[in-house]
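K.L.:
Residues per chain are reported as follows:
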Amino acid sequence: MERTLITEKLAAIFRNVFNDDAIILRDDLTANEVANWDSLTHMLMIGEVEKVFSVRFKLKELGKLENVKNLVDLIEQKVKS
Amino acid sequence: MEKEEIVNRLTPVFRKVFSDNSLVITDELSALDVENWDSLSHMLLISEVENEFYIKFKLKDLKKMANVGDMVAIISSKF
Amino acid sequence: MSEYLIRKAIVNDIPFLADVVIASEKGMSDRLSFATLFNKTEAEVKDLIMLMLEEETEGCELSLSSFIITEFEGRPISGSGAWIEGLNGALPSKILKSNLISYTFGEKSVRYLRTKAHIVQDVLIEREPMTLQLEYFHILNEHLGKGLDADLMHRIEENARAQYPGLGKVQCQIFKNSVFSIKILLRHGFRIAKSYKSADEEIFDYLPYNEKLVMEKEFKN
Numbered sequence: 001m002e003r004t005l006i007t008e009k010l011a012a013i014f015r016n017v018f019n020d021d022a023i024i025l026r027d028d029l030t031a032n033e034v035a036n037w038d039s040l041t042h043m044l045m046i047g048e049v050e051k052v053f054s055v056r057f058k059l060k061e062l063g064k065l066e067n068v069k070n071l072v073d074l075i076e077q078k079v080k081s
Numbered sequence: 001m002e003k004e005e006i007v008n009r010l011t012p013v014f015r016k017v018f019s020d021n022s023l024v025i026t027d028e029l030s031a032l033d034v035e036n037w038d039s040l041s042h043m044l045l046i047s048e049v050e051n052e053f054y055i056k057f058k059l060k061d062l063k064k065m066a067n068v069g070d071m072v073a074i075i076s077s078k079f
Numbered sequence: 001m002s003e004y005l006i007r008k009a010i011v012n013d014i015p016f017l018a019d020v021v022i023a024s025e026k027g028m029s030d031r032l033s034f035a036t037l038f039n040k041t042e043a044e045v046k047d048l049i050m051l052m053l054e055e056e057t058e059g060c061e062l063s064l065s066s067f068i069i070t071e072f073e074g075r076p077i078s079g080s081g082a083w084i085e086g087l088n089g090a091l092p093s094k095i096l097k098s099n100l101i102s103y104t105f106g107e108k109s110v111r112y113l114r115t116k117a118h119i120v121q122d123v124l125i126e127r128e129p130m131t132l133q134l135e136y137f138h139i140l141n142e143h144l145g146k147g148l149d150a151d152l153m154h155r156i157e158e159n160a161r162a163q164y165p166g167l168g169k170v171q172c173q174i175f176k177n178s179v180f181s182i183k184i185l186l187r188h189g190f191r192i193a194k195s196y197k198s199a200d201e202e203i204f205d206y207l208p209y210n211e212k213l214v215m216e217k218e219f220k221n
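Chains as they are written, first to last, in the working numbering: chain A, 1 to 81; chain B, 1 to 79; chain C, 1 to 221.
Isolated chain A (complex conformation) (with noise of 0.2 angstroms):
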């Protein structure tokens, strides 16, 4: 899948799941930087991206994602594969 999708799908997700319509996805935007995203919505958020791009996440991957560069770099690798 082309990068540009990755990002356009994800950030469709987090615009829904972190109620705001108004989130541009940068590659070094982080949680703290998102009003809605505590620990419910981040739950939410990760189910969603399983979901939608057909990927499971190992734990350890998912303490690696710091931004979200980290993570449409993540999900490139894996919809890959």
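A couple of the hints might just be wrong.
Stated by the list, open to error - Derived pair list, reagent style BS3-like, types lysine-lysine, alpha-carbon separation capped at 25 angstroms:
1) B:Lys56 <-> C:Lys26
2) A:Lys58 <-> C:Lys108
3) B:Lys63 <-> C:Lys40
4) C:Lys40 <-> A:Lys58
5) C:Lys146 <-> C:Lys197
6) C:Lys197 <-> B:Lys63
For the record, the hints were derived by calculation from the structure and aren't laboratory data.
What you are looking at is a predicted structure, and each value in this text was computed from that prediction instead of being measured.
Chain A is already provided as a structure; the job is to place chains B and C on it using the hints.
P.N.:
This is chains B and C only, laid out in the frame that chain A set:
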């Protein structure tokens, strides 16, 4: 049993458990208001109250007891 | 010489720690959020908590390394969990905890959570980075009233300062109806800093109470 009677019988129990002969119990009185009302003396209190009224509090009764008013209501419901 | 031994928790303590987490989470109620928000039984939750602790993630409430145990006659009789938020570049604990739960509880549970999340969001509180977060503090009934809470609090702060000498603050999030724990914290120099109340009455079905306090203690360095 009348609320007044319950309060009259509870007062000496509270005074004994918390070692305070001047303690006055009100509906809103809770652990936050009494210096030595901690989880340990709370268990003692429950036991003494059960003995005084010949009742047994169920676990769900205890969970609902936030203050003396709640306790009085629950005791009342057992008669 | 005290008959109590305070030490770091190890893998063998995990079943006891799971009981500590469950007792602490229920507080003064019988509501276990891990069960109510994810549609699990308490027995299932205990197994899942043990699995999460076994992952030995660092830096959140479900980290084995966050816990200290008190031993009496060779058996654990208290468990306390505390960590420094964001220490050494760690991810926010809310993310670490959520990763653990997502991964361990499974997608069916997360789908269930989706329908309930809105009820409890008012009492989800951010944790201040580089502060000590005190989350679990449970002493078995038979060992209350022995002054153990003071020793534990002291040890927790000592351990934290060893990890981060510049430590300026301890925070504790606690439901307002946990009166005995609140009293213990007040006695140890904590003050009520903020309060968060839920507008949704339904919250009583899922969490111990509808209002959560942030209690804080500051250190002068």
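K.L.:
If a hint holds in the structure, say so; if it doesn't, say that too.
P.N.:
Cross-check of the supplied hints:
no., hint, verdict
1, B:Lys56 <-> C:Lys26, "22 angstroms, holds"
2, A:Lys58 <-> C:Lys108, "17 angstroms, holds"
3, B:Lys63 <-> C:Lys40, "21 angstroms, holds"
4, C:Lys40 <-> A:Lys58, "22 angstroms, holds"
5, C:Lys146 <-> C:Lys197, "34 angstroms, violated"
6, C:Lys197 <-> B:Lys63, "20 angstroms, holds"
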